[in-house]
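Visitor: With the hints as extra help, turn the sequences into a complete structure.
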Amino acid sequence: MANEPATVEALEPPDLDGKPPQHVAVAGLEHDAEKAESRRGFLIGLPSYVYLVLFFALPLAIVVVYSFATRSASGLTVLGDWNLRSYGRLTDDLVLLITWRSFWIATVTTVICLVIAYPFAYYIATRAPRVRALLLVLVMIPFWSNFLVRTYAWRLLLSTDGPFVRILEFIGFSDVRLLFTPTAVTLGLVYGYLPFMILPLYASLERLDHSLVEAARDLYASGWEAFRRVTWPLSRPGVIAGSILVFIPSFGAYVTPEILGGTGTTMLGSYIQRQFVGTASDWPFGSALSVTILFVMMIAATFYFRSGGKDL
Amino acid sequence: MMRRWMVAAVAVSLVLTACGREVGGDDPAAGDDTGSEDTTDDGEDGAASGVSCEVDEIDGDLLLYNWSEYMNPELIDLFEETYDVSVTEDFYTSNEALLAQIRAGGADFDVIVPSDYMVEIMIDEGILLELDQDAIPNSANVDELFATPPYDPDLAFSMPYQWGTTGIGLDLEAIGDDDPAASWAWLFDPDVAGALPGPVSILDDPREGMAAALYWLGYDPNTTDEGELEEAADVIAQARDWTATYTSDQYSELLLTGETVAGHGYSGNFIDNFFGADDPDRYTYIIPEEGATIWTDNMAILQGASSPCTAHTFINFILDAENGAELTNWTYYASPNAAASEFIDEEITGDPTIYPSEEVEANLFFLENTGEAEILFTDLFTRAQG
Numbered sequence: 001m002a003n004e005p006a007t008v009e010a011l012e013p014p015d016l017d018g019k020p021p022q023h024v025a026v027a028g029l030e031h032d033a034e035k036a037e038s039r040r041g042f043l044i045g046l047p048s049y050v051y052l053v054l055f056f057a058l059p060l061a062i063v064v065v066y067s068f069a070t071r072s073a074s075g076l077t078v079l080g081d082w083n084l085r086s087y088g089r090l091t092d093d094l095v096l097l098i099t100w101r102s103f104w105i106a107t108v109t110t111v112i113c114l115v116i117a118y119p120f121a122y123y124i125a126t127r128a129p130r131v132r133a134l135l136l137v138l139v140m141i142p143f144w145s146n147f148l149v150r151t152y153a154w155r156l157l158l159s160t161d162g163p164f165v166r167i168l169e170f171i172g173f174s175d176v177r178l179l180f181t182p183t184a185v186t187l188g189l190v191y192g193y194l195p196f197m198i199l200p201l202y203a204s205l206e207r208l209d210h211s212l213v214e215a216a217r218d219l220y221a222s223g224w225e226a227f228r229r230v231t232w233p234l235s236r237p238g239v240i241a242g243s244i245l246v247f248i249p250s251f252g253a254y255v256t257p258e259i260l261g262g263t264g265t266t267m268l269g270s271y272i273q274r275q276f277v278g279t280a281s282d283w284p285f286g287s288a289l290s291v292t293i294l295f296v297m298m299i300a301a302t303f304y305f306r307s308g309g310k311d312l
Numbered sequence: 313m314m315r316r317w318m319v320a321a322v323a324v325s326l327v328l329t330a331c332g333r334e335v336g337g338d339d340p341a342a343g344d345d346t347g348s349e350d351t352t353d354d355g356e357d358g359a360a361s362g363v364s365c366e367v368d369e370i371d372g373d374l375l376l377y378n379w380s381e382y383m384n385p386e387l388i389d390l391f392e393e394t395y396d397v398s399v400t401e402d403f404y405t406s407n408e409a410l411l412a413q414i415r416a417g418g419a420d421f422d423v424i425v426p427s428d429y430m431v432e433i434m435i436d437e438g439i440l441l442e443l444d445q446d447a448i449p450n451s452a453n454v455d456e457l458f459a460t461p462p463y464d465p466d467l468a469f470s471m472p473y474q475w476g477t478t479g480i481g482l483d484l485e486a487i488g489d490d491d492p493a494a495s496w497a498w499l500f501d502p503d504v505a506g507a508l509p510g511p512v513s514i515l516d517d518p519r520e521g522m523a524a525a526l527y528w529l530g531y532d533p534n535t536t537d538e539g540e541l542e543e544a545a546d547v548i549a550q551a552r553d554w555t556a557t558y559t560s561d562q563y564s565e566l567l568l569t570g571e572t573v574a575g576h577g578y579s580g581n582f583i584d585n586f587f588g589a590d591d592p593d594r595y596t597y598i599i600p601e602e603g604a605t606i607w608t609d610n611m612a613i614l615q616g617a618s619s620p621c622t623a624h625t626f627i628n629f630i631l632d633a634e635n636g637a638e639l640t641n642w643t644y645y646a647s648p649n650a651a652a653s654e655f656i657d658e659e660i661t662g663d664p665t666i667y668p669s670e671e672v673e674a675n676l677f678f679l680e681n682t683g684e685a686e687i688l689f690t691d692l693f694t695r696a697q698g
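Those protein sequence lines, which keep their order, are chains A and B. Going by this note's numbering, the residue at position 149 of the first sequence is 149; the numbering climbs one at a time, nothing skipped. Each number in this note's numbering corresponds to the 1-based position in the second sequence with 312 added.
Hints were generated in silico from the structure; no laboratory data involved. Treat each hint with caution, since some may be false.
[Said to hold, decoys possible] Each pair of labels, with its calculated beta carbon distance range:
| no. | chain 1 | residue 1 | chain 2 | residue 2 | range |
| --- | --- | --- | --- | --- | --- |
| 1 | B | 550 | A | 222 | 52 to 60 Å |
| 2 | A | 89 | B | 553 | 26 to 34 Å |
| 3 | A | 295 | B | 413 | 49 to 57 Å |
The beta carbon of each residue, even a glycine, is placed where N, CA and C say it ideally should be.
Guide: So this is what it looks like as structure tokens:
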């Protein structure tokens, strides 16, 4: 605390009265000020660091450790006899099949969300401020009720005598089954994660300087050209952030496929759950699956962010 | 950029130090697990873990942890009056939730009521107190069918509470058959199940799902023969064409709402739900003749229970002939108490879906822990689900 006064002085404009700056002394003061500043920053950030260590780093470390443990014959996890056996099972046909299905469903979900969200976010961003606020509240209203409850509501909507099937049958389709299909799972995921696509897209489209689009049009760019060359590149940070926010939770989805899925819809989340709860009780394998997914996701996300430019 | 790398470095070093400590065995998580390993050995030796109680001894109030809607409140009142103690009952919804709570050390209960396979897991983990058989003279009332169950062969740690079967619930109106055959064909035969007007549901449980297919093929539900298990998985995979979904908690609702016309599920849940349906006669529960799974829920006492002797007295109280009958007359689940039969309502004992005939009873199997093969069951079932 001894250098507290020095900090205050340094923050005030130095009273030099046109004299040549005394380089050495000022540099020293600046250095102290920076140090104090960074210490204060650390203190302000401390709760977050503690939170991250307690609720992220430590649990993650335990998962990593368990992934090298052994499952005993009776289904207990033996911490000891460390080995890589669980990682060896990651290339099983079944794991690859379920991974591929999760990847596919998550990709379709992300693309559908993007296609729906982009025009919607653009529409919101170009409204008058008051309307904008109202529309954003509407986007967020679903968060006011529980995700599980809303997913069960979809079960009713998609059921055999529910409105969706009725409408499809009215149009002329016969013998439609929606509930418990991959379509139902994708629909549920799109519904659940659409706001996560709209909000970052809105944020980047709202910042977009529309005079740039006007300039492009003035220089005889067609509407499409102006979008492709100006709007789209400028909104890419939003596209990337939104895609990641939708893809990652969809890839590891558990609740939606459990409730809306049936045959041919097992995704990674359910497969991992089955390793922990139930008779398989293979915690090391479940941990190995989780760790691998986490690291693959981290690497992929890093590359994706990098490719999105430095604006993020 | 620099800042970001520093955070990453901190995270990595944390993970590393955690690992280092883990191997050393100082980590609390590691400590816990080795601890339970040790108690397992104690449990199996049965040496230090038991307590000694007198018949009808009371050493404090009773905390009972049970499934909901599973205890006749009048029995609780009677127990409280007779022994001048207070009973607090709390409820759980799944065996796994119960185990997780006990493992985490958050279950301060005397008596719990886990299902058969969970009793075995809990014995293995050293969670259960070895019973003082002398304090439970009414254990002589236990039906011989339940006297030597595979999960606790000498009833050293548990006493059966109620039992039931795993079979099929059917919507008679939809299948157009008033007297349906008791067969797994309703789920697996392409000519029967494939021709139904609606889909079926199968339990989302690798052991129960595979067992159903194994019964249908005429195999032992506890087989560890890879060839037989793969055949069973093929049966389930083939049934995908007419299977709506795999569920362990919604099969009755799906049947009652017409989403399915046949469902694989537990006797008690079906019978309860049919009872509350608009038209109870429209539905029935069958126990397939090819073989079916029998399950029990069992009273057990936790290690470290604060009133172990009251707990013994309570178990003895429930195993009394008349009290056991009062329980079944209230829950509509079958009683493992042979002496209770004469006091149970005829409406219940005469119902073959609750009390199956001797022939059917001879064809009921407990699902046993198959050790390493559990992984095979899980993977084959997951693959069969598609």
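Visitor: Now tell me if each hint is right for this structure.
Guide: Taking the hints in turn, this is what the structure says about them:
For the pair residue 550 of chain B and residue 222 of chain A, the supplied restraint of 52 to 60 Å holds, since their beta-carbon distance comes to about 56 Å. Checked against the hint of 26 to 34 Å, the C-beta distance between residue 89 of chain A and residue 553 of chain B comes to roughly 30 Å, which is consistent with it. Under the hint 49 to 57 Å, the C-beta atoms of residue 295 of chain A and residue 413 of chain B, about 31 Å apart, miss the expected range.
Checked against the numbered hints above, the structure violates only hint 3.
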